[in-house]
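Residues 1 to 715 (the UniProt record's numbering) make up the sequence shown, in order.
Calculated directly from the structure, the hints in this document are not laboratory data. Some hints could be false.
To be verified - If you anchor each label on the Cβ, the simulated ranges turn out as follows:
(1) Ala691 x Thr528: 43 to 49 Å
(2) Gln225 x Ser354: 31 to 37 Å
(3) Arg186 x Lys288: 43 to 49 Å
(4) Glu648 x Ala572: 23 to 29 Å
(5) Gln546 x Gln207: 22 to 28 Å
(6) Gln345 x Gly522: 17 to 23 Å
(7) Gln207 x Gln564: 45 to 51 Å
(8) Pro583 x Thr371: 53 to 59 Å
Where a beta carbon is used, it is the ideal one built from N, C-alpha and C, also for glycine.
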Amino acid sequence: MQFVDPSFLQQTVIPRPLSVAPPASQPASTMSPRVSLDTISATNSPRLDDKQTPPQTAPAKPHVKDSRRPSSGTGVTKSPVPSHSSTHAETLPLLLCVAEDCFAKANAAAQRVARSMSADEVNEHHKLVATGLGCLEMAMMNKSLSPRLEARLCMRYASILVEETTNLMEAETALTRGIAVCEKHRFTDLKYSSLFLLMKTLFQRNQKAAFRAIDTHIADCTTYQHIHWVYAFRFLKASLHLQSGTAADHNALDNLRRIAAIANQREEKAVFVMATLLEGLAHLGTTKEDWATRVQTCIAQASKLQLDDSAHLPQIDVLLLLLDLACSLRQKSHQISGQKLSALQGKMEELNHSPDWVSHSNEVLLPIRRTQITQQTISNDTRAILRPGEGAVDYLVLSALGKQESYALVYVFQGIVALYKATTLGRSSAIWSEAARLLEEPKPFSTIQPLPEALKQAGWAKELYCYAHILVGLQAATLCDWAKVKMCLQLIEKAQAPAGFLDLMTLYLSGVLHQGTADLPGALRIWTDPRFQMDSNQNPKTNPSQIESELSILAALNRLWIMQEPNLRDDAETADVMEMLRPLCEDNPDQEIRTAYNLVLASITIDPPLSINQVKRHIQNSLAGAQQTTNTHFLSIALNIMRFRLFENVVGDQALKSARAGSAQAKKSGNLLWMSVADGMLSQSHEVQGAFAEAHANRESGIRLANEALMKTKV
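The whole structure should be built from the sequences, with the hints applied where relevant.
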């Protein structure tokens, strides 16, 4: 989507005042001069509540008839010409009123426009924003503005430019003008709000300069003991680190620890817990060896304040439980994950009808103690960043997940936990489908917000929606439900998954579909796609993140299995791929990656072949990994590979037990193809034992399952 081009502001329906004559004022009765703007950042910019009092003009002198000149027309007098400043004073409230009406109408429809993105609705939104900006631009030309209104007007104008257009330089110019007015008249609250917005603007143009400038403002706020604004600028810095992909860098973590230290010293528990949890989230996304210890340390520090009521906010409580559950899932501690999921579900049920967490709010308010020093630095004009409260506290405003999005995220986690219980096949798919359905539903309350903010929320919901369908497709592939896999790919394509790891996961699911439906050449083309290729350091060429690395490893493992097909066999390439995978997989921190690697090496035939001891070691490692991760599908494959490699044409109870175990585990996994293979090997084991009736029955079962699996490939 292309947002408003700033040059379009020259063509708005409100003309610029000409230098010859002022614009004609419109009748005041057509629209009441309601001058209320919504506060600083684009989500909540300060509304201009100040009413402009027209400047006092000198009283008109009474008309005195000159007796020396006879009047040419009795009773006819010339109408007085209105002064230029008087006309501006009369027009100003109307301009502000029109601007705010345009912004309010555009923001009210933002969620609908973000979902549909139809050309007509987007154009209408752009026209409304451009008209509003044109009105504000004309208002800023007024020479009789009061200093405070001028500063607020500059901030409002800049906030709309930053959010709705790409004209950053004009926004910086307006903010610089407003900051100069604030410094001259000592409007500390407006000055800090304008600086806050200026830092966000500067970050879009020069990230390093923005971080340096923020550090300067933090130092100034610390000197003047404006602790509330120290919090605000430090949380802004944390947010910008997250946007730049450096959330786990030393400077970013040090910034969060400083927030926690200040909050701990001032006994502001909610701020302390939030800073600690954000540090835990940063550690969760790293690949360091001690990531789990660091995350659990942050969780422990936040949990020790569970008995303190001031630290209990719905969004913070849910974030703490989500972080704890995500940590266990990444550690593959699935039994513990089930217990943590129960705690999370209990909390969500408790908060379902809680008045403390309203459905239409995407904000979390962190209470901060009010002091005499900070009273002049917080006002209604700073409410998007620091909101005045009642009593002895004010509030730091942070963006947070909405209630509907939080429930969808919990459903996704619940499906992952259920995947490893294997009590009911396909239960996880039903849970993930419910998450996707919830994300498609329109919100019960329409939040008034700018279109860019609505687009961000819609983009996040779209990412989770596509991720849920990818998970549904992957589980359907393990059950040989290829029609469902194809449907998931179609839904993801229709939703237009954003570029990044979701795009790569979609490509991976497409390769799984080709391989599962016996289109091996097509699957091989996907597995050799440049996006799955490794560089000289064995990292993905596109983006060396953890998920891209794991998908590239899985793509290479699938290549090894496909190249076992006689028509596609390539011993030289097989050896190269194995050599590339060895350092990546043998010591990989992910137990499931190591298990998949051992399964592939235990099953493939290479030249020269692996020794029987190497095969046994790979089988033993894969069995241990499958049991540790409670992965039913892995265990089924491992048992059947063991039967094939170690007990082929072997007479004895051990061979028969191995075949029976493989068949039983394949039935638990629900994979038709592996069930067919297992029954075929069990039939062969019965046959060498002389049990021909059992052999015939198992062979018939294997053939039936193979035909059923073949029919499912016709998509």
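**Study point:** Cβ distance range 31 to 37 Å for Gln225 and Ser354, holds or violated
**Key:** 36 Å, holds
Check your understanding: Do the Cβ positions of Gln345 and Gly522 conform to the proposed distance bound of 17 to 23 Å?
Key -> With Cβ atoms ~41 Å apart, the hint is violated.
Practice item. Indicate whether the distance between the beta carbons of Pro583 and Thr371 respects the range 53 to 59 Å. Key: Distance hint for Pro583, Thr371 holds at roughly 57 Å.
Check your understanding: That 43 to 49 Å hint for Arg186 and Lys288 (C-beta), does it hold up?
Key -> 47 Å, holds
Check your understanding: At the C-beta level, are Ala691 and Thr528 separated by a distance inside 43 to 49 Å?
Key -> Roughly 46 Å apart at Cβ, these two residues keep to the hinted range, so it holds.
Review point. Taking the CB of Glu648 and the CB of Ala572, does the distance hold inside 23 to 29 Å?
Key: 28 Å, holds
**Study point:** Outcome for the supplied range 22 to 28 Å, where the beta carbon pair is Gln546 and Gln207
**Key:** With Cβ atoms ~23 Å apart, the hint holds.
**Study point:** CB-CB spacing for Gln564 and Gln207 relative to the 45 to 51 Å hint
**Key:** Holds - the Cβ-Cβ distance for Gln207 and Gln564, about 49 Å, lies within 45 to 51 Å.
Hint compliance for this structure: hint 6 alone is broken.
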